[in-house]
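Participant: Okay, here's what each chain looks like letter by letter:
Number of protein chains: 2
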Amino acid sequence: MTSVRQQDHHQVPSTNDNCHVPHTIESLEESQIAIVGLGLMGGSLAGGLRHRCRSVVGVARRPDSIAVALERGLIDHGTTSLSEGVSQSNVVVLATPVRVILQQIAEIGPLLPAECLLLDLGSTKTRIVQAMAELPDHVQPLGGHPMCGKEMSGIEAAEPNIYRGATFILTPLPRTSEQALRLGRELVEAVGSRPLVISAERQDFLVGTVSHLPYLMACALVATADATTSTDPAAWKIVAGGYRDTTRVAGSDVTMMTDILLTNRDEVLAAVNVFQRQIDRLAQLVESGDGEQMRDALNQIRQERLRMYP
Amino acid sequence: MTSVRQQDHHQVPSTNDNCHVPHTIESLEESQIAIVGLGLMGGSLAGGLRHRCRSVVGVARRPDSIAVALERGLIDHGTTSLSEGVSQSNVVVLATPVRVILQQIAEIGPLLPAECLLLDLGSTKTRIVQAMAELPDHVQPLGGHPMCGKEMSGIEAAEPNIYRGATFILTPLPRTSEQALRLGRELVEAVGSRPLVISAERQDFLVGTVSHLPYLMACALVATADATTSTDPAAWKIVAGGYRDTTRVAGSDVTMMTDILLTNRDEVLAAVNVFQRQIDRLAQLVESGDGEQMRDALNQIRQERLRMYP
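Line by line, the protein sequences are chains L and V.
Note that the working numbering gives residue 256 to position 256 of the first sequence, counting from 1, and the numbers run on in steps of one.
Note that the working numbering gives residue 1250 to position 250 of the second sequence, counting from 1, and the numbers run on in steps of one.
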């Protein structure tokens, strides 16, 4: 177990202090926030929140990640002990891969102070919210999913700015209090994101199509080139901007994506199914050689894309 | 017919002059270059070449495009007449959609001076090179395809910088002289691109996978969202960077893309076929729920992507 502290004026309560966290905290400013998982998303969130709350405690398995987070000024205090990190915090954010989040939810309840807000950053929400429903009554659970990121991972890639301007989905449970949801919104807005409150099922349907499907497509494109053109050295010289952008998300963190695909299986497979019908339709147009029909179809798609990104 | 001239010190020969273009021009510097088609690619090329040669003549159907190109300093002289534009030029670049290029190649031969280099910017090359083989003997044909662009089109979007650092494919014919190929390379390098000399068939196979397939994928992704999630207003708020990048090329010029797909049909359909097998394989992994196998497959793809873009 490692416990290190930022060498500055911030005083953070350690587990040896005998002080008590107030049971109802109204504002972010008064909060001690524990971020569990100091990767790209957790590290970036920590940095964005640090000067907007009382203090930020980073919890990570690897002491190296804590050292980097302290050095980069993203956290006030760091520990490898989950219980030490969360026991005095009134906001706890789980920023680990989805299947780890599910395990942590099952274990963390007894460690949390009364009325603690437990938020997570997992990209799929239905199973997480189901697990959150089993938490002890003294915990305030709230599902979360920031719609941002980049293809790099790890604390080295962390930068608070990635949250700026992004939509941050919040999926409250029936048991989530208004006060806890208000604190969740405040946290989201503090890092420059826009909260969007929807149900877990609706979010999983939507991200299945606008996020998980594009990832699988990008992977299939890379695999296609790997199976065909990549043996030709000229192929590497002609990969233009279109291919680079279209395949960018294939560089996403593999552990994170595996967990996402496994925990949103039905929505992802349904989206793949619709996608395959669309590809078949386009391929039939190409095969038919009907220029007029093809133009019309491609133009309709182009207009739709322009509506999405004016 | 419109003929207008840049109000500056550049003297360009008009068809009324009785001067003769030298029959063998060794360098770009001495060349008068006609760019036929003042869209994104033609306009940008004109601007990049203008101060690297004797003069640039822009040929466009619409007087408006010529006016904009002159106003933006992309050309020295402009005309709506193909014969006026090309008859005194020793380099002619066809920068129109592929099916227009095919028509222009069939008509332009008698209008061109002896030893004139006829280059095109069409994205598919096999059919263009076949058409070029039928040109009169006094013409020096050379297929070209710059691997750059953006989703906007038209002279307003033109900027010479788009050629910088891009690979510019050149597909010479057996009849293309060494001198003509040398002049083609010089032109490519003058706008900051890297020439890559390969056969027309090889280029069509490669771009079928790394350029035309990604376009169809992007279109199918947009069509999928249109058919499912787009009816939910929340979908528009959560489209994150991944979706934006993956679908960017679906905003490409529709006339250009229709021509490309129709003239590279067999390669495009073959690429779609391989892609569908890859998608099926990934969907089966998701369905199986085997986390280990999925991780391995996604990791291999991620490594391949990192090799493409280190």
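Accuracy of the hints is not assured; some may be wrong.
Claimed, not checked - Residues on chain L that point at chain V, a partial pick, calculated with CB under 8 Å:
1. 135
2. 152
3. 153
4. 154
Unchecked claim - For lysine-lysine, the following BS3-like pairs were computed, each having C-alpha atoms within a straight-line distance of at most 30 Å:
5. L/150 with V/1150
6. L/150 with L/237
7. V/1150 with L/237
8. V/1237 with V/1150
9. L/237 with V/1237
Claimed, not checked - Now the in silico label distances, taken between C-beta atoms and shown as ranges:
10. V/1269 with L/236: 21 to 31 Å
11. V/1182 with L/67: 56 to 66 Å
12. L/199 with V/1154: 35 to 45 Å
13. V/1269 with L/62: 15 to 25 Å
14. V/1307 with L/62: 47 to 57 Å
Calculated from the structure, these hints are not laboratory results.
We treat Cβ as the ideally placed atom computed from N, Cα and C, and that holds for glycine.
Participant: State for each hint whether it applies.
Facilitator: Consistency of the hints with the structure:
1. 135: violated (25 Å)
2. 152: violated (11 Å)
3. 153: violated (10 Å)
4. 154: violated (14 Å)
5. L/150 with V/1150: OK: residue 150 of chain L and residue 1150 of chain V at ~22 Å, within 30 Å.
6. L/150 with L/237: Holds. Residue 150 of chain L to residue 237 of chain L sits at ~25 Å (cutoff 30 Å).
7. V/1150 with L/237: holds (18 Å)
8. V/1237 with V/1150: holds (25 Å)
9. L/237 with V/1237: violated (36 Å)
10. V/1269 with L/236: 21 to 31 Å: holds (24 Å)
11. V/1182 with L/67: 56 to 66 Å: holds (58 Å)
12. L/199 with V/1154: 35 to 45 Å: Taking Cβ atoms as reference, residue 199 of chain L and residue 1154 of chain V lie about 43 Å apart, which means the hint holds.
13. V/1269 with L/62: 15 to 25 Å: violated (49 Å)
14. V/1307 with L/62: 47 to 57 Å: violated (27 Å)
Violation of the numbered hints given earlier is confined to hints 1, 2, 3, 4, 9, 13, 14; the remaining hints are satisfied by the structure.
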